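First to last, the protein sequences are chains A and B.
FYI, the numbering for the first sequence is 1 to 98, going by the working numbering.
FYI, the numbering for the second sequence is 1001 to 1392, going by the working numbering.
No lab work stands behind these hints: they were computed from the structure.
On a predicted model such as this, the values are computed, not experimentally measured, just so you know.
Watch out, some of these pointers could steer you wrong.
[As the list claims (entries may be wrong)] Per the computed footprint, the stretches of chain B lying under chain A, defined by three or more beta-carbons under 8 Å from a beta-carbon of chain A, are:
(1) 1307–1317
(2) 1323–1337
[Unchecked claim] Label-pair restraints from in silico Cβ distances:
(3) Ile75(A) - Leu1006(B): 23 to 33 Å
(4) Trp1214(B) - Glu57(A): 35 to 45 Å
(5) Lys81(A) - Gln1071(B): 51 to 61 Å
(6) Pro1003(B) - Ile64(A): 17 to 27 Å
[What the hints assert, rightly or not] Pulled from the structure, derived: some chain B residues nowhere near chain A, Cβ distances all over 10 Å:
(7) Pro1136
(8) Val1247
(9) Ala1390
Using N, Cα and C, we set each Cβ at its ideal position, and we do this for glycine too.
Read off the chains here:
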Amino acid sequence: MAAANNIKKRKNHNWCGITLLALYGLFTIYASFFLSYLNKDKVIGKLSNEAIAGIKESFILWGIIMIIGSILLLIREYVLKSGQEEVKDTESGVSPHY
Amino acid sequence: MNPYFLEYSIIGIAGLIFGAALERGRMCFVLATNNMFMAKDTKILEGILLAFGISILAFGIIESAGIVPIQSAVQGVFPAGWYDLVGSLLFGFGIGLCGACMSGLIFRAGSGFTQNWMQLFGILVGTIFFAFIIFPLTNFLYWILHTIPWLNLKPGFADYIPHEWFGNAVWGPFVVALIFGGLFLILGLYLTKRRFGKISKERGVNYKEPIITWDMLKFKEAYSPRLGGILFAVVAVIVFLASYFTVHKVAYMGVTTPYGSFDTYILAPFINLYNTVGHYKASFLPKISSNWFQIVPVAIPMTLLVITTFAGSTTTAILGGEFKWRVPKRKIMFLQNFIGGIFTGVGARIALGCNIGTLWSGFLMFSWAGMLFLPTLVLGMYLALKFQQAIW
């Protein structure tokens, strides 16, 4: 009930969040390409080839998951249009500077 | 299956849960202390205390039951020393200026708070500043290793409280967990009870807050402090067990060291440029072998944890209808957050961690690091509050 009362009409910024989520995914994939190069001649945390391969695969997997997640949210937002009804401000955690 | 792939994949899931718990539970140390001192509202603080209490008890049980042997658990124990006191003072001042700690930064930036993105940028710059200026010029490692005998850098049993107090007794971790975890838990539950009593008095009815509701699961409502606390503990336990049963034996929670990795990844294309200009070696530029990038491991599980935590926070903010691109009215706040971010980054590097990596994980490791970090952290936040009151 409290949450329902808190709902306010405001501009929907969900597309920003969805873009952000996709960017996290792209950054994760981007980072994976440098793992072996940056690991060369390491003093601390030298990794084996097996480790680099496993970590790289995991980074790419999570990057893809985040991009898929952003696509699903995009569908929810613009095809199902269910995200647009729920826009509200945070109940707490908002700095007085805003 | 490649054990590294397994470890990183599981820790990625933990990050998503962590992000949801942070964003839905508003788990921020600065917000908790500000709300307590300025609005007499202890709700967020309760969540943090319960998170500490439950997770410390869980770690004590895991180690005493031998699920993760003590010998393995101590391998990841952080050392404790003067650097915790100095670093946490700077760190506390920095997060006080920014209005968000490391966990608060993630969920706020992930929910669209632009000034926290500036804080993050400040931390990245601060980390590089520490690596290239402070670390080499002050001979930082030497001062840690050689000159403070009263709290030395000795990994393992040296800073493991159960060993110091009870020797090799298997029940040692559980007893220590009962003391520290119990203290946090009792304080958290007491504050919850006191808040319920206060609301009941105001409303004239017996007020009770459910731990979990259907609306919380659908991200429509903020999480109760107790649910936030439980999820925090679940994440810490997943990370602990996943790393033990796969590769790292064992890993604790950490947030700021991954920012060093972020610096590395972001600057990776340029490092090559710095080293080689055409066919010539650019010898006037810092040598890679002596800089930060050789000191911090290039890939640690926590790096992926932080990225997926951001993803979890953003996703739950969108699903809860609370994502909003928020720009501060006073643009000077960007500068304040940038400077605060630099303090935060430098302080966290000096203390070898942040409020997650050294404070929370310090307690989870049963190291003195957490206890040394806490008082000067509070002092730093208090000074930042006074400083802001003086200038604004």
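Hints versus structure:
1. 1307–1317: Holds, because 7 residues of the stretch 1307–1317 of chain B bring their Cβ atoms closer than 8 Å to Cβ atoms of chain A.
2. 1323–1337: holds (count 9)
3. Ile75(A) - Leu1006(B): 23 to 33 Å: holds, 30 Å
4. Trp1214(B) - Glu57(A): 35 to 45 Å: holds, 37 Å
5. Lys81(A) - Gln1071(B): 51 to 61 Å: Because 56 Å falls inside the window, the suggested range holds.
6. Pro1003(B) - Ile64(A): 17 to 27 Å: Holds - the Cβ-Cβ distance for Pro1003(B) and Ile64(A), about 21 Å, lies within 17 to 27 Å.
7. Pro1136: About 14 Å separates Pro1136(B) from the closest Cβ of chain A, which puts it past 10 Å; holds.
8. Val1247: Not fine: 8 Å to the nearest Cβ puts Val1247(B) too close to chain A.
9. Ala1390: holds, 17 Å
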